[in-house]
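Enquirer: Listed below, chain by chain, are the residues.
Number of protein chains: 2
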Amino acid sequence: MLDKMLNDYQIILASQSPRRREIFDMLGLRYEIQSSDIAEPVNGEDHGLQAMRNAKNKAESVFAKSDGHSVIVSADTIVVLESRILGKPESVEQAHSYLAALSANTHTVVSGICVMSGKGQRCGYEKTEVSFAPLTDDEIRDYIRTNEPMDKAGAYGIQGFGSQFIARVEGCYFNVMGFPIRRFYEIARDMISKGML
Amino acid sequence: MLDKMLNDYQIILASQSPRRREIFDMLGLRYEIQSSDIAEPVNGEDHGLQAMRNAKNKAESVFAKSDGHSVIVSADTIVVLESRILGKPESVEQAHSYLAALSANTHTVVSGICVMSGKGQRCGYEKTEVSFAPLTDDEIRDYIRTNEPMDKAGAYGIQGFGSQFIARVEGCYFNVMGFPIRRFYEIARDMISKGML
Numbered sequence: 031m032l033d034k035m036l037n038d039y040q041i042i043l044a045s046q047s048p049r050r051r052e053i054f055d056m057l058g059l060r061y062e063i064q065s066s067d068i069a070e071p072v073n074g075e076d077h078g079l080q081a082m083r084n085a086k087n088k089a090e091s092v093f094a095k096s097d098g099h100s101v102i103v104s105a106d107t108i109v110v111l112e113s114r115i116l117g118k119p120e121s122v123e124q125a126h127s128y129l130a131a132l133s134a135n136t137h138t139v140v141s142g143i144c145v146m147s148g149k150g151q152r153c154g155y156e157k158t159e160v161s162f163a164p165l166t167d168d169e170i171r172d173y174i175r176t177n178e179p180m181d182k183a184g185a186y187g188i189q190g191f192g193s194q195f196i197a198r199v200e201g202c203y204f205n206v207m208g209f210p211i212r213r214f215y216e217i218a219r220d221m222i223s224k225g226m227l
Numbered sequence: 031m032l033d034k035m036l037n038d039y040q041i042i043l044a045s046q047s048p049r050r051r052e053i054f055d056m057l058g059l060r061y062e063i064q065s066s067d068i069a070e071p072v073n074g075e076d077h078g079l080q081a082m083r084n085a086k087n088k089a090e091s092v093f094a095k096s097d098g099h100s101v102i103v104s105a106d107t108i109v110v111l112e113s114r115i116l117g118k119p120e121s122v123e124q125a126h127s128y129l130a131a132l133s134a135n136t137h138t139v140v141s142g143i144c145v146m147s148g149k150g151q152r153c154g155y156e157k158t159e160v161s162f163a164p165l166t167d168d169e170i171r172d173y174i175r176t177n178e179p180m181d182k183a184g185a186y187g188i189q190g191f192g193s194q195f196i197a198r199v200e201g202c203y204f205n206v207m208g209f210p211i212r213r214f215y216e217i218a219r220d221m222i223s224k225g226m227l
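These protein sequence lines map, in sequence, to chains F and B.
Residue 31 is where the first sequence starts when you use the working numbering, and the numbers rise one by one after that.
Residue 31 is where the second sequence starts when you use the working numbering, and the numbers rise one by one after that.
No false leads were mixed into what you were given.
The list makes no distinction among identical chains, and a pair is therefore deemed to hold if it is satisfied within one copy or across any two copies.
Keeping only pairs whose Cα atoms sit at most 35 angstroms apart, straight-line, the calculated DSBU-like set for lysine-lysine is:
| no. | residue 1 | residue 2 |
| --- | --- | --- |
| 1 | K157 | K34 |
| 2 | K157 | K118 |
| 3 | K86 | K149 |
| 4 | K224 | K86 |
| 5 | K86 | K34 |
| 6 | K224 | K95 |
| 7 | K157 | K95 |
Hint data in this document are derived by calculation from the structure and do not stem from the laboratory.
Excised from the complex, chain F in its bound form (with noise of 0.2 angstroms):
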């Protein structure tokens, strides 16, 4: 269990997302919140390395202004809709169009991991498979009207008013949230084995 494996570390989650911090409290862990402010490039690799890179990028980033005794939990989220990343909607009209886009389709959401204590780190990701049901334009338009879109990648989020679009997830379901758990866990055990934190 991810609660007494670690809880006699100092973690540090580095990141600002709303629905991390669920999940880390969900495990029943202690940890302070401290945000990286590492820009999250957006290149041509494979999206899964891409994602895991960037969590990388975080975990050092937040390891560097910190005391050398945390443990620094990072991830990094990507919407992938036929090879084409769904960022954060900048509008309305955006966010409808990210939303038509994933209507009656399957779509990928990759997210990075990495572990990073004094003593070595460990990255990894996870890939997640969502199928979308048929929404019509007043359906999109209901939904962005809730404004739950307008703060996540893809426009949308499978926990909360979006549930009701989702046909079919196959994969890890915490993943689309944003924190793949049991990759988590099982980078934290091996760490923990080969004495990494």
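Please arrange chain B on chain F, whose structure you already have, making use of the hints.
Expert: The following block gives chain B in isolation, referenced to the frame of chain F:
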């Protein structure tokens, strides 16, 4: 959106499950709780049909005691491992044996759902495959110590400490929490369009 569709109706959720209440709250629905005292029969028929029939019995039982103007929503969830139904564990030993059987294995969660008004009823069901990571005896013991398994069918909660054991989901995630949101959405929309609500 379900809140827009349903908030002119008086909704009764025929369930005591805290997870179902959580889902209704997340969807912004206004509702009352009224639990049915229907036993959940276990027999040889298809698990989908069985869960659906249990949900139907719950809805009818609550409807019979209602003012006739409410919309009753009920659900029933069954956890099936290799055609064996895993109910709520009756002892710590049984919880341990359920979790050992789920470990490194894929099982099916089946939820039946029924929506009923004075003008008619619609029922349906949804199946989701859930794959557990391999668990050690120590992990199972630690998990049981959290008490989370003891009041849950299959002896785990996908939302909570149990999340760290889940490697993979295929299908509707919310179905595993006990309520297939998308299926409910489709049933409610269909009933409204046919004047059944």
